[in-house]
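*Asks:* Chains as they are written, first to last, in our numbering: chain A, 1 to 338; chain B, 1 to 338; chain C, 1 to 338; chain D, 1 to 338.
Watch out, some of these pointers could steer you wrong.
Unchecked claim - Not close to chain C: a few residues of chain D, all C-beta gaps over 12 Å, as computed:
(1) Leu25
(2) Arg29
(3) Ala89
(4) Glu96
(5) Ala135
(6) Val140
(7) Ile145
(8) Asp245
(9) Thr247
(10) Glu249
(11) Glu312
What the hints assert, rightly or not - Derived CB-CB ranges, DEER-like:
(12) D:Ser320 x B:Thr165: 28 to 36 Å
(13) B:Pro325 x D:Arg329: 49 to 57 Å
(14) B:Gly142 x D:Pro161: 47 to 55 Å
(15) B:Thr165 x D:Gly295: 21 to 29 Å
Said to hold, decoys possible - One-sided and incomplete, this derived list gives chain B residues near chain C with beta-carbon spacing under 8 Å:
(16) Glu252
(17) Phe264
(18) Arg267
(19) Asp271
(20) Arg275
(21) Ala279
(22) Leu315
I should point out that these hints are in silico values taken from the structure, not numbers from a laboratory. Just so it is clear, the structure is predicted and the values come from calculations on it, not from any experiment. Just so you know, even glycine gets a beta-carbon here, dropped at the ideal spot from N, CA and C.
Number of protein chains: 4
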Amino acid sequence: MTIDVGVIGVGMIGQDHIRRLTHVLSGVRVAAVTDVDLDRARTVAADLPDSPTVHDSGEDLIADPRVDAVVVTSWGPTHEGYVLAAIAAGKQVFCEKPLATTEEACSRIVDAEVATGRRLVSVGFMRRYDDQYRAMKAVVTGGEIGSALVMHAAHRNPSVPDFFTSDMIINDSTVHDIDVARWMFDDEIAAVTVLKPRVSSKARDGFHDPLLVLLEMASGVIVDVEASVNAGFGYDIRGEVVCEDGTVELSEAAGAIVKGAGRFGGRVPTDWRERFVRAFDAELQAWIDAVAAGGTTGPSAWDGYAATVACETGLRALASGVREPVTMRERPDLYKES
Amino acid sequence: MTIDVGVIGVGMIGQDHIRRLTHVLSGVRVAAVTDVDLDRARTVAADLPDSPTVHDSGEDLIADPRVDAVVVTSWGPTHEGYVLAAIAAGKQVFCEKPLATTEEACSRIVDAEVATGRRLVSVGFMRRYDDQYRAMKAVVTGGEIGSALVMHAAHRNPSVPDFFTSDMIINDSTVHDIDVARWMFDDEIAAVTVLKPRVSSKARDGFHDPLLVLLEMASGVIVDVEASVNAGFGYDIRGEVVCEDGTVELSEAAGAIVKGAGRFGGRVPTDWRERFVRAFDAELQAWIDAVAAGGTTGPSAWDGYAATVACETGLRALASGVREPVTMRERPDLYKES
Amino acid sequence: MTIDVGVIGVGMIGQDHIRRLTHVLSGVRVAAVTDVDLDRARTVAADLPDSPTVHDSGEDLIADPRVDAVVVTSWGPTHEGYVLAAIAAGKQVFCEKPLATTEEACSRIVDAEVATGRRLVSVGFMRRYDDQYRAMKAVVTGGEIGSALVMHAAHRNPSVPDFFTSDMIINDSTVHDIDVARWMFDDEIAAVTVLKPRVSSKARDGFHDPLLVLLEMASGVIVDVEASVNAGFGYDIRGEVVCEDGTVELSEAAGAIVKGAGRFGGRVPTDWRERFVRAFDAELQAWIDAVAAGGTTGPSAWDGYAATVACETGLRALASGVREPVTMRERPDLYKES
Amino acid sequence: MTIDVGVIGVGMIGQDHIRRLTHVLSGVRVAAVTDVDLDRARTVAADLPDSPTVHDSGEDLIADPRVDAVVVTSWGPTHEGYVLAAIAAGKQVFCEKPLATTEEACSRIVDAEVATGRRLVSVGFMRRYDDQYRAMKAVVTGGEIGSALVMHAAHRNPSVPDFFTSDMIINDSTVHDIDVARWMFDDEIAAVTVLKPRVSSKARDGFHDPLLVLLEMASGVIVDVEASVNAGFGYDIRGEVVCEDGTVELSEAAGAIVKGAGRFGGRVPTDWRERFVRAFDAELQAWIDAVAAGGTTGPSAWDGYAATVACETGLRALASGVREPVTMRERPDLYKES
């Protein structure tokens with residue numbers, strides 16, 4: 001069985017997912033596309049083998065009976081509307097992070113999905129599909145080194161565009177570490193503190209970079225996240241979980257180790273695509289397989305809601321300079337087993 | 001466009017490729033299967049989503065007009081016949097190694113393909129698609145550390161079945177290192193020597209394990225291959241190319257690094273599937289994409305011929321205890337660019 | 001020239017230094033010893049080749065004209081008195097950390113030394129002599145990866161005696177990281193925050209272990225120190241400095257890498273002696289060489305003072321749960337170049 | 001007790017040992033020196049704290065009653081005479097490798113020492129005192145990964161002086177791997193083969209570099225040694241022992257790991273001094289301590305003899321191109337326990 005997918009939003013990440021759905025993954029076809037820029041949508045569609053329909057709007061695409069399931073890769077503020085429309089149409093929807101840009105919007109999605117009585121929404125936190133993070137989680141949950149106490153993380157981007165702000169370090173970078181923390185420990189975040197170390201000379205005026213974000217989990221585990229977006233040397237994602245009887249950390253990326261000119265060493269990935277290409281592949285293949293089997297998989301609307309709440313709390317903590325508690329709604333039964 | 005593939009031979013590796021073609025790769029469908037054991041073929045077919053035809057013989061499968069291209073994963077001695085039949089039918093064929101079990105058989109395949117004037121045969125040397133080997137080759141051919149002088153390799157299997165023989169260390173294990181050496185240096189093997197170190201107490205009587213196989217390339221580069229098939233601790237594939245200005249080696253497999261009980265460290269793969277799962281995926285996806293584009297890609301019939309000749313020379317060297325020169329036919333023009 | 005050293009305090013660390021001075025280092029002799037337990041002092045002396053004098057008190061030892069220089073390895077609260085006596089006697093003194101147990105006591109030592117107009121005091125922060133820390137500092141100060149922004153550190157002890165308290169995590173463990181931070185960045189600590197992650201089940205009741213200690217340097221660099229004293233698996237000291245253009249971290253300890261039973265990996269040191277044996281050797285040899293040359297070297301009384309002030313601030317932060325600023329006296333000119 | 005040592009030969013290695021004996025090690029003093037160039041001997045002596053006597057000849061130095069023990073660091077061909085003189089004088093002698101330059105000369109030393117009935121000779125194979133090699137040997141002899149089958153080694157020098165020849169690759173570089181093999185497996189070398197890979201473009205005309213030296217131990221273990229002396233990028237010593245149930249290898253040298261400009265990695269040592277400085281320290285301290293205790297320790301005259309015989313066999317193998325068996329005299333009882 002082949003799943004016919006409609007893609008809303010054909011910018012950088014949308015085109016990357018279309019390439020993946022078309023040339024890499026199994027059991028799926030891009031049947032329809034749309035974009036706020038219809039010319040761009042037509043250009044992208046023209047290159048695809050299965051001549052996808054170009055719809056005038058996301059709503060039209062969702063309504064198209066040939067579209068089995070929907071991928072939302074449009075601009076963040078538009079996610080809520082498309083996800084709600086997909087839920088209303090009873091169609092499975094994979095939404096790139098963020099699920100929505102405000103706690104309220106996420107909450108409305110949760111309400112809508114809960115009202116249908118079944119899971120229709122999957123959110124694109126691809127690190128859960130990364131081999132290294134999965135190996136780390138297997139060790140943590142396997143119990144061989146005892147219960148977790150602390151996690152150290154670093155999220156280093158080589159550079160960011162001019163429009164990037166300190167707030168976006170929380171919303172666009174740290175959000176991944178927020179989801180990792182919730183998933184790694186199967187726990188919620190109870191409070192967030194944001195410290196401002198010495199500012200990199202490469203950061204623009206008024207920009208706080210790096211940040212040191214401290215997440216307190218409900219269990220008491222503390223996760224410290226160093227988030228840098230002008231690291232220059234590469235895209236470097238680090239993580240170490242400290243447990244009672246040992247630690248587990250992400251290894252450096254495999255590859256060739258070169259010795260020359262007095263040094264030995266390996267490559268640091270250039271960007272998130274190089275680092276996480278296989279996680280994206282695995283994430284979407286898992287979703288397609290689940291859709292083909294009549295359901296969904298992966299991070300839920302609840303995970304999307306919780307991440308957005310934690311980010312909003314992080315922004316408050318960035319502004320206030322002090323520890324900010326996280327306040328969340330009750331977790332609906334629909335999300336009580338994962 | 002979807003390629004309809006027929007698979008001849010549904011043993012362990014055949015079933016693994018069928019799983020891959022069905023559930024992992026893009027643009028392909030298993031349309032037909034057959035096996036020397038027809039009941040097994042029917043059982044395998046029954047589990048597949050697209051209800052493939054079960055043919056009584058490989059020849060019938062190859063002749064089936066709905067079969068666009070052929071995958072040969074049957075017992076080695078049967079490869080020649082199926083590959084020749086596919087060539088005769090003008091169909092692209094992916095043949096697991098070995099291309100054929102004797103120099104003469106490989107030569108007949110080369111003759112048949114050359115007679116058609118175009119490449120129809122691809123041989124399953126999957127290491128060429130492994131990320132680490134590719135990174136290593138990029139360094140070697142990039143010239144940053146000068147010309148290659150020596151290569152060290154190790155091929156360690158945790159264990160082998162009772163029917164395994166010392167000859168099979170050459171034919172089934174070292175054959176991969178033979179292909180890697182030819183590919184890494186874009187060169188032919190000029191001579192083979194096989195040394196017999198102290199025998200592992202885990203080897204059966206009369207079995208020489210490990211072996212130390214020395215490959216002399218035409219350029220003078222020497223490749224030493226430690227081949228062990230009772231290594232016990234894991235499936236461990238090592239490689240290091242020593243060049244004039246530096247070296248490049250395969251890193252240990254990535255994953256989680258655990259500290260506990262006085263040690264730090266990571267996992268050694270359990271078997272070839274774990275180590276090379278992605279190389280197999282990439283190899284077959286590349287082949288499918290090339291078939292869809294009207295051609296082929298990957299190791300050629302010439303590569304299959306050369307590997308078999310080197311293995312036969314290796315067997316002579318194992319028996320004689322001395323250096324044995326490799327004698328090959330002239331390389332046909334069809335294979336002169338790769 | 002051979003330096004005749006008197007050692008005050010022959011407990012565990014004192015005996016280790018006596019072994020070092022007697023059997024490992026060059027140009028030095030243990031000429032006198034004393035201890036609060038005179039029997040123990042006599043027993044230790046009896047085993048030494050040069051028949052050191054056993055003095056009834058530290059003051060007597062310091063006054064002994066045959067004693068060229070003094071090593072203080074007694075109980076912390078007694079340090080002040082012995083160091084002041086050595087200063088009064090005009091003798092070089094190497095004092096194990098802490099220099100003294102209170103800010104006031106350290107300040108009195110600083111005053112006494114300043115009054116002599118020359119440096120007579122060296123404090124035993126041996127990490128400054130560790131090859132890995134020195135390699136790290138060379139990179140940081142070399143400027144090849146830009147200015148420092150953040151430092152991550154971990155101090156993991158396998159276990160601690162029953163009398164150990166959370167306060168001692170600050171005073172006995174983190175004090176080393178405090179000194180490293182000051183030395184690494186040639187800067188003072190401006191504020192300390194102590195966070196209390198989930199408590200290890202191996203910690204006794206009422207014990208906060210691990211702690212997450214945040215040091216803010218005057219420059220704005222933030223140093224986070226995970227301090228665990230029930231880590232169980234080994235003695236694990238980690239450090240990574242994050243700079244504007246790259247990072248530098250301590251490598252895992254060298255040694256043999258073993259592959260077996262599905263794992264590859266190396267050894268984690270058992271205790272501080274294994275990890276820092278060479279740093280202790282180098283530290284004391286450097287001090288002996290400096291004494292022989294008529295001066296001193298290594299961490300100064302000011303460094304001892306600053307570490308004690310930071311520790312006291314850390315204790316306040318541990319109690320208060322909030323960020324505590326560090327208040328220090330003016331740095332005397334004597335310590336203005338290091 | 002302080003050992004008064006006389007040093008014969010104050011070239012590069014002699015001066016390095018004098019620095020070590022004077023400024024690094026414990027319980028020793030350089031009491032006398034000499035050199036074929038007496039002016040050089042006088043210059044070196046003038047810089048030393050204990051005003052050593054400058055003797056006109058090695059024989060005079062050995063005869064000096066104030067000299068407790070002798071260190072021979074003169075030109076190789078002179079070793080035999082000095083070692084025999086020290087034996088005749090009944091003085092302990094530490095001789096840098098080679099013990100002597102011919103099998104016959106070594107044999108005469110063995111005879112002379114055997115005639116005294118006790119060990120007086122120690123040979124400077126410092127790798128036996130290297131922490132990494134010792135950790136490796138501890139694993140091999142500990143039995144945790146079974147019996148040894150194969151060893152891989154590499155000896156890479158960044159460059160060599162113009163007078164260096166291919167023979168010297170055997171005599172000056174590979175000799176260390178020869179001693180390591182004998183020591184690691186407590187076994188003798190039964191045969192040597194020398195292969196000549198493609199020649200580095202950095203080697204002078206007529207120079208075979210690198211070499212691939214194959215040592216067959218009496219037990220059947222094969223040791224392959226890649227010996228390169230124009231490696232350019234650093235001084236790189238590698239070793240891996242392959243056992244029945246696992247492997248053990250030297251780790252890369254510890255230090256700081258730097259990330260920057262798209263790479264992570266560490267330092268390769270610049271030269272043998274950087275790599276083995278501590279092995280030299282440990283070797284000589286162990287010898288001094290043994291001398292102080294009335295005996296000796298470390299590689300024996302028999303080890304020196306065996307290494308020279310293996311090197312001579314290696315030279316024959318380099319010339320003949322084929323496997324050359326090693327023929328040795330009977331091992332005297334004096335050397336039967338080590």
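*Asks:* If a hint holds in the structure, say so; if it does not, say that too.
*Replies:* Here is what the structure says about each hint:
Non-interface status of Leu25 (chain D) relative to chain C is broken: a Cβ of that chain comes within 12 Å, the nearest being about 6 Å off. With a closest Cβ-Cβ approach of about 9 Å to chain C, Arg29 (chain D) is found to fall inside the 12 Å limit, against its non-interface label. At roughly 26 Å, the least C-beta separation between Ala89 (chain D) and chain C is larger than 12 Å, which holds for a residue marked as non-interface. With a cut of 12 Å on Cβ distances, Glu96 (chain D) stays outside the contact zone with chain C, its closest approach being about 21 Å.
Chain C draws Ala135 (chain D) into its interface by the beta-carbon criterion, the shortest separation being 4 Å against a cut-off of 12 Å. Residue-level check failed: Val140 (chain D) sits 9 Å from the nearest beta carbon of chain C, not beyond 12 Å. Remark: the non-interface label on Ile145 (chain D) conflicts with the geometry, its nearest Cβ contact in chain C lying 5 Å away (cut-off 12 Å). Against the 12 Å criterion, Asp245 (chain D) falls within the reach of chain C, whose nearest CB is about 6 Å from its own CB.
The Cβ of Thr247 (chain D) sits about 5 Å from the closest Cβ of chain C, inside the 12 Å cut-off, so the non-interface label is violated. In this structure Glu249 (chain D) is not separated from chain C by more than 12 Å, as the shortest Cβ-Cβ distance comes to only about 5 Å. Once the 12 Å rule is applied to beta carbons, Glu312 (chain D) is consistent with being away from chain C; the minimum gap is 31 Å. Hint check: Ser320 (chain D) to Thr165 (chain B), Cβ distance near 33 Å, so the stated range 28 to 36 Å holds.
Against the hinted window of 49 to 57 Å, the Cβ-Cβ separation of Pro325 (chain B) and Arg329 (chain D) comes to about 39 Å, which falls outside the hint. Between Gly142 (chain B) and Pro161 (chain D) the beta carbon distance is about 31 Å. The supplied range of 47 to 55 Å is therefore violated. Between Thr165 (chain B) and Gly295 (chain D), the C-beta spacing of about 53 Å breaks the proposed range 21 to 29 Å. At its closest, the beta carbon of Glu252 (chain B) sits 6 Å from a beta carbon of chain C; the interface hint therefore holds under the 8 Å criterion.
Satisfaction of the interface hint for Phe264 (chain B) is found here, the shortest Cβ-Cβ separation to chain C being roughly 5 Å, below the 8 Å cut-off. Taking 8 Å as the C-beta contact cut-off toward chain C, the hint placing Arg267 (chain B) at the interface holds, the least distance being around 6 Å. A least Cβ separation of about 11 Å between Asp271 (chain B) and chain C goes past the 8 Å threshold, and the interface hint is therefore violated. A cut of 8 Å between beta carbons decides the hint on Arg275 (chain B): the least distance to chain C is about 13 Å, and the hint is violated.
With its C-beta approaching chain C no nearer than about 20 Å, Ala279 (chain B) sits outside the 8 Å limit, and its interface hint is violated. This hint is violated: Leu315 (chain B) has a C-beta 29 Å from the nearest C-beta of chain C, more than the 8 Å allowed.
Checked against the numbered hints above, the structure violates hints 1, 2, 5, 6, 7, 8, 9, 10, 13, 14, 15, 19, 20, 21 and 22; every other hint is satisfied.
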